[in-house]
Amino acid sequence: AQSVTQLDSQVPVFEEAPVELRCNYSSSVSVYLFWYVQYPNQGLQLLLKYLSGSTLVKGINGFEAEFNKSQTSFHLRKPSVHISDTAEYFCAVSERTGRRALTFGSGTRLQVQP
Amino acid sequence: DSGVTQTPKHLITATGQRVTLRCSPRSGDLSVYWYQQSLDQGLQFLIHYYNGEERAKGNILERFSAQQFPDLHSELNLSSLELGDSALYFCASSPYRDYGYTFGSGTRLTVV
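Same order as they appear, the protein sequences are chains Z and P.
In this text, residue positions in the first sequence follow our numbering: the first is 1390, and each later residue adds one.
In this text, residue positions in the second sequence follow our numbering: the first is 58, and each later residue adds one.
In short, the hints are calculated from the structure, not lab data.
Errors might be hidden in some of the hints.
Said to hold, decoys possible - Below are the DSS-like pairs computed for lysine-lysine, each with C-alpha atoms no more than 30 Å apart in a straight line:
1) Z:1438 - P:114
2) Z:1458 - Z:1438
3) Z:1447 - Z:1458
4) P:114 - P:66
5) P:66 - Z:1438
6) Z:1458 - P:114
To be verified - A few chain Z positions that, by computed beta-carbon distances, are all more than 10 Å from chain P:
7) 1401
8) 1402
9) 1403
10) 1417
11) 1433
12) 1443
13) 1451
14) 1472
15) 1473
16) 1474
17) 1496
18) 1498
The structure presented is a predicted model; accordingly, all values stated were derived computationally and were not measured.
We put the beta carbon where it would ideally sit given N, CA and C, even for glycine.
Sequences are here, hints too, so could you generate the full structure?
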């Protein structure tokens, strides 16, 4: 079984400032890693995913994440945020083999202030 | 538009009733996943179907059931509804052996 911990429930940040949303996971098997964004009253949109290869993954809207196997982390970063980035962000994992359903973290609300 | 269609978008019903939520996956995707999102439980995996067959169950109550039809659309049936079943229900689809998941916009169920 896997579990995902998003260490911050809310992250307030000023516009054009950098931001990091933290994600740690626990799993007895190898996993794939994902970040999803949910805007108010909408579904989840895939930001980026780590399947294999380079541990630095670039996604949409200027976001990137780095997979750190030794620390079992997959933190999401953006060098300069915009008001439009205000949303809920979810980290998720799935097993590389076997059950493929996503296990989600509890989410981090990013609030970008002018 | 993500390509995954869920209907209806909103549903209000009374306790004890039964409802059916529908999901049409993205064209070509054989896998359909159902998730429940609530304030207290977060995003919980309910059930996974692949090409008409049940593949995995998560935290799905016995009052809930699902199926995937030959045209690959899926239905989630919720019966004997309780106030606590009020939540957003999401469907996601993915192609076989590709670990991308595309989510629909969800069905918001309110049980009164």
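Going through the hints against the structure:
With a C-alpha separation of about 23 Å, the suggested pair residue 1438 of chain Z and residue 114 of chain P falls inside the 30 Å cut-off, and the hint holds. For the suggested pair residue 1458 of chain Z and residue 1438 of chain Z, the alpha carbons sit about 15 Å apart, so the restraint of at most 30 Å is met. With a C-alpha separation of about 17 Å, the suggested pairing of residue 1447 of chain Z with residue 1458 of chain Z holds against the 30 Å cut-off. A distance of roughly 24 Å separates the Cα atoms of residue 114 of chain P and residue 66 of chain P; the hinted pair therefore holds under the 30 Å criterion.
Of the supplied pair hints, the one linking residue 66 of chain P and residue 1438 of chain Z holds, its CA atoms being roughly 28 Å apart against a limit of 30 Å. Taken as a hint, the residue 1458 of chain Z and residue 114 of chain P pair is honoured in the structure, with Cα atoms around 28 Å apart against an allowance of 30 Å. At roughly 20 Å from the closest C-beta of chain P, the C-beta of residue 1401 of chain Z stays outside 10 Å, upholding its exclusion from the interface. Residue 1402 of chain Z, annotated as away from the interface, keeps every beta carbon of chain P farther than 10 Å; the closest lies near 23 Å.
For residue 1403 of chain Z, the non-interface assignment is confirmed: its Cβ lies about 28 Å from the closest Cβ of chain P, beyond the 10 Å cut-off. Residue placement check: residue 1417 of chain Z keeps its beta carbon more than 10 Å from all beta carbons of chain P (closest about 17 Å). Not every Cβ of chain P is farther than 10 Å from the Cβ of residue 1433 of chain Z; the closest lies at roughly 4 Å, contradicting the non-interface assignment. Against chain P, the non-interface label of residue 1443 of chain Z holds: every CB pair exceeds 10 Å, the least being about 16 Å.
Every C-beta of chain P lies more than 10 Å from that of residue 1451 of chain Z, the closest at about 20 Å, which supports listing it as non-interface. The Cβ of residue 1472 of chain Z sits about 22 Å from the closest Cβ of chain P, beyond the 10 Å cut-off, so the non-interface label holds. Distance check on residue 1473 of chain Z: its Cβ is at least 18 Å (rounded) from any Cβ of chain P, clearing the 10 Å threshold; non-interface status holds. Listed as outside the interface, residue 1474 of chain Z is consistent with that label: its C-beta sits roughly 19 Å from the nearest C-beta of chain P, beyond the 10 Å cut-off.
Look at residue 1496 of chain Z: its CB is around 7 Å from the nearest CB on chain P, not clear of 10 Å, so calling it non-interface is violated. Its beta-carbon lying about 12 Å from the closest one in chain P, residue 1498 of chain Z satisfies the requirement of being farther than 10 Å from that chain.
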